[in-house]
Structures are given as C-alpha cells and as structure tokens.
Amino acid sequence: MNVTSIAPAIELKGISKAFGPVQANKDISIRVMPGTIHGIIGENGAGKSTLMSILYGFYKADKGEIFIGGQKTTIPDSQAAIAAGIGMVFQHFKLVENFTVLENIVLGAEDSGLLKPSLKRARAELKSLADEYGLNVEPDAVIEDIGVGMQQRVEILKALYRKADILILDEPTGVLTPAEADQLFRILGRLKEEGKTIILITHKLREIMDITDTVSVMRRGEMTATVKTVDTSPPELAELMVGRKVLLQVDKKPAEPGEVILDVKDLNVTDDKGVHRVKGISFQVRAGEILGIAGVAGNGQSELLEVLGGYENGTGTITVSGEEIDLTGAHSDGQSRRARGIAHVPEDRQREGLIMDYAAWENTAFGYHHDPKYQRGILMDNAAIKQDTEEKMGRFDVRPPDPKLAAKNFSGGNQQKIVLAREIERNPDLLLIGQPTRGVDIGAIEFIHQQIVALRDQGKAILLVSVELEEILSLSDRIAVMFDGRIMGERMPDATDEKELGLLMAGMTKGAA
Amino acid sequence: MDFYVIVQLADATLRMAIPLLLACLAGLFSERAGIFDIGLEGKMLAAAFLSAAVSFATGSVWIGLLAGIGASLSLSLIHGIASITFRGNQLISGVAINFLAAGLTVVIAEGWFRQGGRTPSLSGAARFDGIDFPGALTRIRDKLQASPGMQFYSELVSGHSILVYVGLIAVPLSWWVLYRTRFGLRLRAVGENPAAVDTAGINVVQLRFAAVLICGVLCGIAGAYLSTAVQAGFTKDMTANRGFIALAALIFAKWRPWHAMGACLLFGLFFAIDNRFQNIQLDALWVVVILVGISALLTGYALRRDKIDMLVLGGLSAVLTVIALMLWGGMASGSEAGLFGSLMETVKLPGEFIQSLPYILTVVILAGFGGKAVGPRAGGEPYVKER
Numbered sequence: 001m002n003v004t005s006i007a008p009a010i011e012l013k014g015i016s017k018a019f020g021p022v023q024a025n026k027d028i029s030i031r032v033m034p035g036t037i038h039g040i041i042g043e044n045g046a047g048k049s050t051l052m053s054i055l056y057g058f059y060k061a062d063k064g065e066i067f068i069g070g071q072k073t074t075i076p077d078s079q080a081a082i083a084a085g086i087g088m089v090f091q092h093f094k095l096v097e098n099f100t101v102l103e104n105i106v107l108g109a110e111d112s113g114l115l116k117p118s119l120k121r122a123r124a125e126l127k128s129l130a131d132e133y134g135l136n137v138e139p140d141a142v143i144e145d146i147g148v149g150m151q152q153r154v155e156i157l158k159a160l161y162r163k164a165d166i167l168i169l170d171e172p173t174g175v176l177t178p179a180e181a182d183q184l185f186r187i188l189g190r191l192k193e194e195g196k197t198i199i200l201i202t203h204k205l206r207e208i209m210d211i212t213d214t215v216s217v218m219r220r221g222e223m224t225a226t227v228k229t230v231d232t233s234p235p236e237l238a239e240l241m242v243g244r245k246v247l248l249q250v251d252k253k254p255a256e257p258g259e260v261i262l263d264v265k266d267l268n269v270t271d272d273k274g275v276h277r278v279k280g281i282s283f284q285v286r287a288g289e290i291l292g293i294a295g296v297a298g299n300g301q302s303e304l305l306e307v308l309g310g311y312e313n314g315t316g317t318i319t320v321s322g323e324e325i326d327l328t329g330a331h332s333d334g335q336s337r338r339a340r341g342i343a344h345v346p347e348d349r350q351r352e353g354l355i356m357d358y359a360a361w362e363n364t365a366f367g368y369h370h371d372p373k374y375q376r377g378i379l380m381d382n383a384a385i386k387q388d389t390e391e392k393m394g395r396f397d398v399r400p401p402d403p404k405l406a407a408k409n410f411s412g413g414n415q416q417k418i419v420l421a422r423e424i425e426r427n428p429d430l431l432l433i434g435q436p437t438r439g440v441d442i443g444a445i446e447f448i449h450q451q452i453v454a455l456r457d458q459g460k461a462i463l464l465v466s467v468e469l470e471e472i473l474s475l476s477d478r479i480a481v482m483f484d485g486r487i488m489g490e491r492m493p494d495a496t497d498e499k500e501l502g503l504l505m506a507g508m509t510k511g512a513a
Numbered sequence: 514m515d516f517y518v519i520v521q522l523a524d525a526t527l528r529m530a531i532p533l534l535l536a537c538l539a540g541l542f543s544e545r546a547g548i549f550d551i552g553l554e555g556k557m558l559a560a561a562f563l564s565a566a567v568s569f570a571t572g573s574v575w576i577g578l579l580a581g582i583g584a585s586l587s588l589s590l591i592h593g594i595a596s597i598t599f600r601g602n603q604l605i606s607g608v609a610i611n612f613l614a615a616g617l618t619v620v621i622a623e624g625w626f627r628q629g630g631r632t633p634s635l636s637g638a639a640r641f642d643g644i645d646f647p648g649a650l651t652r653i654r655d656k657l658q659a660s661p662g663m664q665f666y667s668e669l670v671s672g673h674s675i676l677v678y679v680g681l682i683a684v685p686l687s688w689w690v691l692y693r694t695r696f697g698l699r700l701r702a703v704g705e706n707p708a709a710v711d712t713a714g715i716n717v718v719q720l721r722f723a724a725v726l727i728c729g730v731l732c733g734i735a736g737a738y739l740s741t742a743v744q745a746g747f748t749k750d751m752t753a754n755r756g757f758i759a760l761a762a763l764i765f766a767k768w769r770p771w772h773a774m775g776a777c778l779l780f781g782l783f784f785a786i787d788n789r790f791q792n793i794q795l796d797a798l799w800v801v802v803i804l805v806g807i808s809a810l811l812t813g814y815a816l817r818r819d820k821i822d823m824l825v826l827g828g829l830s831a832v833l834t835v836i837a838l839m840l841w842g843g844m845a846s847g848s849e850a851g852l853f854g855s856l857m858e859t860v861k862l863p864g865e866f867i868q869s870l871p872y873i874l875t876v877v878i879l880a881g882f883g884g885k886a887v888g889p890r891a892g893g894e895p896y897v898k899e900r
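Taken in order, these protein sequences are the chains called L and H.
Residue numbers for the first sequence follow our numbering, beginning at 1 and rising by one.
Residue numbers for the second sequence follow our numbering, beginning at 514 and rising by one.
Fair warning: there could be bad hints in the mix.
Partial list, computed: chain H residues near chain L (C-beta under 10 Å) [said to hold, decoys possible]:
| no. | residue |
| --- | --- |
| 1 | S573 |
| 2 | A713 |
| 3 | G714 |
| 4 | I715 |
| 5 | V887 |
| 6 | R890 |
| 7 | P895 |
Think of the hints as simulated: they come from the structure by calculation, not from any bench.
These numbers come from a predicted model, not from an experiment.
Built from N, CA and C at the ideal position, the CB exists for glycine as well.
Hey, can you work out the whole structure from these sequences and the hints?
This is the structure we're talking about:
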C-alpha cells in the first residue's frame, strides 16, 4: 500500500476526552486506510466506545483533530457524521421495534415530505444493496419479529443507504450465534472488497485475528499499540489488553482447603436474548480456599456470578454445603441465597451493589433488613442500623466514616468497602466476589485484598471473578480460566504464568498454539 | 323510538364527541411523540375561558378562537420546556398545568367581569352558530314531518358549527400526517425509540416540541368549541373532566386516529343519552338483567386477566349485582305482585346514574377492558443521550 499517495479514510490526532475526573480517552491517534478492516480491542471501560462516540458526534472531544479522507472535519452531531460518510452499528441496535425494515432504513433519510416516493426508492435501493453485498432482509418485516442477525443487517443497510464509506461496528458479535457471526464476517469481507473502510470494536481476540488487517489496543483510555494483525498473536494482544500493573504482593499463608462448600455441576445459562452464555461448566470451591476465575470480560463469568447470586436463571446442579439450591423459580433469589450462607459482592457495585442516592446506613441494611437486630416491633430500628454502620465503617476504614452520606459521595474504593463490610460481616460460608478492585485506588486495593484473604483464613470458601490477571494470580489458591462460556482449564498459581493464562483466555490450549 | 329520535340522539352524540375528539387527537400527537400529557384538561379549560372572554371583548368569535389557541399553546410550551428541555416528570408538569388553569381561569374571570367567575353570555358574532347547508330544514316542526333522508340531512349533516366539521376533518388529516408523511414517520419513531431518531441525525427536541405544539392547537380548538359553540360563555370548570375522558378514549383507541373517533363517539353517546333522556323508564326485569349481565361479562373477562383487573372489575361487578338485587328486593317488598310479578313493573332510572355512565365507562376502559393497550414505548421518558 502506497501510504504517501492515498489519504487515510480516518485519521485521529491527539483525541482526549474526560468525564469529570475520569480520563476516558487520553491523547489517542490512529490512522485507518481505506478499504481495510481495522480492529480496536480493549477491556470494558478501556475507552473504545467513547472514542467511537466522538467519531459519531455523540460527544465532543476536549482536544484533538479528526481527518476524514484527508480533510480536517468537525463532527458536532450525528448528522455531520452521516454527512461525512460515517455509519455506525451500535452494540444495542437503534431501531424502532414496531416499524418495518423499510421504515427504519428510510427514517431520517427521506427524500421528501411525503413517504410513499421515499419508501419506493428505498425498496429498489435495498434490493440492489442486497444483491451487491449479500445483505438479505425482508423489507416489509417488522423489526420485533425478526432475529438479531437480521436486525443487525438492517443497521448495516441503514448506514449503506446513507452512503456511508466508513462503517463502525461496536461489539457486533455480542448478541450473535456463531453461525450468524460467520455470516456477518462474510458480509464485512464483501464490504471491504467493495472499498468500504470498517472499524471493528471488540474484546474477542479470535475475531480480531480472523478478520482485521490492522489492530489497535486500548487500555485505560490510552492506545497502547497499533500493529498489523499478521505481525501479532493472541497472547501478545491479551497481554497488551490486560496489561501489567504495579505488582501487588499479597501476604498469605498456603491454603488449607477443607470440605467442599460450592459444587457446580454442568451449569448452563442462556440470557434473555437467547444467547448461550455459560456452556456446561463444573467446578468446586472448598472451605478455606480462593478459586479465581480469569478471563476476558464477556466470556460468561458475569452470568456465572448472577446465577449463583440468584438473579439469573440457569440449569444444572449447584450444591452449597451439601444442599442443592434452586436455579429457577421463587427460591432462586438473593434472599434465599443469603439464607443459605452465600454473600455476594457484585461486579458492578454502582448498579447492583448499592443504591447510589441512598445513605450509607441504608445501603448497609439492604438484603439484611430482616435481621432482628434491625427491627423494633414492626418498624425498622434506624438508630440501630446507623450504629451498626458506624462500627462497620470503622472496621473497614471507610472514609469519611459518616453513615448519613449518600453512597454516590464516596470514592470508588470506599463504596466497595461499604459493600464488602455488609457482605463479609454476615459471616457467610461462601463469598462471591466480582471485580473486587475495579476502579479502586491502590491503597484500597491492598485493604480489600487483605480482607478477602482474612476471610479465607477463617475457613470460608471464596469465588473470585476478575479480569485483572495480576489480581487473580496474587489472590487465588486455584485458577480457572473461562473462555466462551467454558472453563478452558485449571492451574495452580505457582505453576503458571501470565503467558499461559493469556493463551487460555484467548481460547487456546498449549497444544493448539 | 322513531327515526327522528335516533337522528336527534346521533346529532347530540356528535356534538358531545367533538371536544373529546379534538382533545383526544391532541393527546395522540403528544403521546405518539413520547410526551404524556395529562394536562389536556387544563389546556382546554384555559382555551375555553380566554376564547369566551376575548370573543366577548372584541365581538368576534374568530379572534376569540385564536386567543383560546394562544392560551392552550402557551401552556403546551410550559409543558414542553419542563418535560423536554429540562427533562422533568411529564405527569407532574401536566398536573401543575391542570391546577394552574383551574385556578387562573376563575380568578381572572372574576377580576375581569365580576360575574362570579364566569364570562358574560355571548351572542351574535361572538359565538359560533350552526351552518345550515343548502336545502336543509331548520324548524323543528318541518323536520318532524320530513322524510327520514331529509331528517338525517337536516339534523345530523347540516346545522353544526364550523368547529364540528373541523373536528371531523382532523381525523383523516391526523391519520394522513402520521402515516403518510415524513413528519409522521419521525414523530411515531421518536415516541418509540428516540435514540434511533437521534442516531439517524434528527433533532429529538425539535420533533417533540412540534408534537407538543400541535397538541396545544388542537386542545385550544376543543376548549373554544365548548365555550363559544356548545355554550354561550365560560363557566367555572366547564370542561368537566373531558380532558381525562379524552385520555381514556386515547388508550381505548390504542393511540390510533380512526379508533379515537370511534372511542370518542361512544363516550359522546353516553353524554348524549344523559342530555336527551333525563327520564328513562324500563321494566325492572330489564334493569336487573342488564346489570347482572354486565357484571357477569366483567367478571368473565377479569378472570382471564391479572390480579389488579380482578380487583377493579370484580369489585365493579359486585357493586352492580348488589344494586340489581337491592332494586329487585325493593320492588318486591313494595309491590302486591309478588317476587316475580314485580319484575314486570316499570322503574325510573335515576338521572345520576345516567350522568355517571361516561365516567363508569372510563373506569372500565382504564381497568383494561378494552384489551391490552401498549402505548408508545418511550412514552413518559425524557430522552437522555447515552453512548
């Protein structure tokens, strides 16, 4: 490719964007040549979607320049992005559910005030696009009646109907079955042949390797590398994505595993979109040990925690301390789980762990509000809860130690400590803990890790899910790696390294690589 | 009942349905765009007052109509600013508008005219008169003797004020705008999924404001019709909850223009029955049969539905059955003819019962008797951009 004569389809120079104190994008530069497929890979929260939202006019960058086809362009809104030839297929489709395919495609790109001529032209255009790119859709079908695969094709057609030359796809395979994903990749290949430029955002390494020409890796708002796909490998990408952090050594004695507390057999989870998320996994966690589940986000770990926590349905057998628990129905909820000695620190503390507008003392009582010591007759004993919260805050070093402060006014680390205090102090037999230190400052990380180890030393079983490989390696007594809803293998932390785990996280066993 | 009575009833039905229909279409535009509007009532009331007041002051009903539309539009604008620009709660804003209108109209009317919160009587050019079509009979005596076709033409087709015809034309026009124009496609889309509209490069805020303003214009006409065509002047609370009934009709019609007309005509019929027949006399047998029949119907329907319907509809059926039994018991004890013979006697339906019919219908519809009503999916939700 002669770089000097062809202008890049898209060039970003020094894009920065901050939301309050959070730097979502930090000085990002990227060049994408026309007629190529460029992958952007990174963990959840790495800033991929923010970057693409800037490109599509949803956010305005604080700093930086955008060049489209060599021309400096400003993109104040979606209309400008469309005019610049950019089409976007969002992770959550932006379709009107009870409109037909044709109406969705025409919406916003009508020829005139009357609909009929627009629809007629769109119908003809749709037919030629379908022939050209193999994008078959039923023009008169209503969106809510067709499958996600076809819905996605409608989104692509929407972009092409608006004469997009640059197509951005955000996590396009997240909702697709493997067969549908293959079909999507064939379509993308076809679009590339016709000279379209495609940007593919994903956290799945295999997709990047299969289909892209070049790939950029993002981590914590920064672009850590841009390489040709042929020159890289999944383990290298995995390492770039997950990254190396300051090594946090956790002082712990060797584990003394006791009896089996959690026994999961052949667990399957299908989400409400019909996607098979967890595919027949089995494992055990013993008293006095920490089982760490590693994996790139979105490979079924979240769903595993949700089933165990009681707010997602599953099939299979799960026993806790020798007794089976319900995976569906009325006794599959958080209340029943707590009654069985399971405590849960959810992955997303702001959405599932706390109510952000409520005070710390109210948050401390959630889930345990039936506790007799919180009751006075038929009323809640608020004074007792506040007293209890204050003591917990002292023990867990929550700053500021003010029970009346709303949860949203604490820092990420202190919010996490509030959740931990609530769950750990219930003296559970089994603690489920997801992403314990996501968005938590270094000092709090150390404290949280110590608490987890201390709980293990009391002989409790702990299931730790984290996308931070470092955390998994330093905390776990045993490590299981999940990929695509399956457990790829179990390793002991002192007999493995990041490289081997990275391979497993990319879905490859040693023999295959 | 001879044919002329039926024509008269249809005529009254139409007259009573028009303000409901205009308000219902107003609500339809607003809610189809995703903005709930519980303030239809307040807007109608404000329009009714200002159009009557300005008509009286200027002597021209047309200027009055414009003033009424202006009053309604300004309240719409408040609703729009509160709920679209500032993303406030649409129900609260609507309720506030209702209170504002109910209070302000009376206070201003009293300050302006000093007639106890009403406007002076309108007459002549300050009021919308019926338009008589060519060849239509105008005198009651002539109509009574005319052929059925002529009765139909003279009473039902001809003789309404211009606003009645405006209301009728508004139905196909609304349908056409919603389903046959670019604006309509976008309006329906923004009520279903504003994110889709936004990413398609269309301004969500402008679109929703347009819908809310159309709602204001239609509510304005509805209010003006009440005070300058049906009545000759404004009286306190003269809208009599028509704005809320229009909302019930809108739900019954599942947010579709032609169905809205059907629903409003049904409500209009009940109002017309109340207007035309203050005394309805029926055999006690029929009253009992109708009441028990309706309760059986309601119960049968409620049984197939959720708990809340069981509660509402079941309760309503129980009340109706008790009324029927009490009536029968009362008849039997006060009559010589015995338990069954008393069923053949005539009873007079209480006027209050007839009056309450439209409101009972509202409760029944809102309890879900009209089938499952799924409104616009983004209804009531302020649009906030997300990535």
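Against the structure, the hints come out as follows:
1. S573: violated, 34 Å
2. A713: holds, 3 Å
3. G714: holds, 4 Å
4. I715: holds, 5 Å
5. V887: With a minimum Cβ separation of about 9 Å from chain L (threshold 10 Å), the hint on V887/H holds.
6. R890: This hint holds: R890/H lies near chain L, its Cβ roughly 7 Å from the closest one there, short of 10 Å.
7. P895: violated, 17 Å
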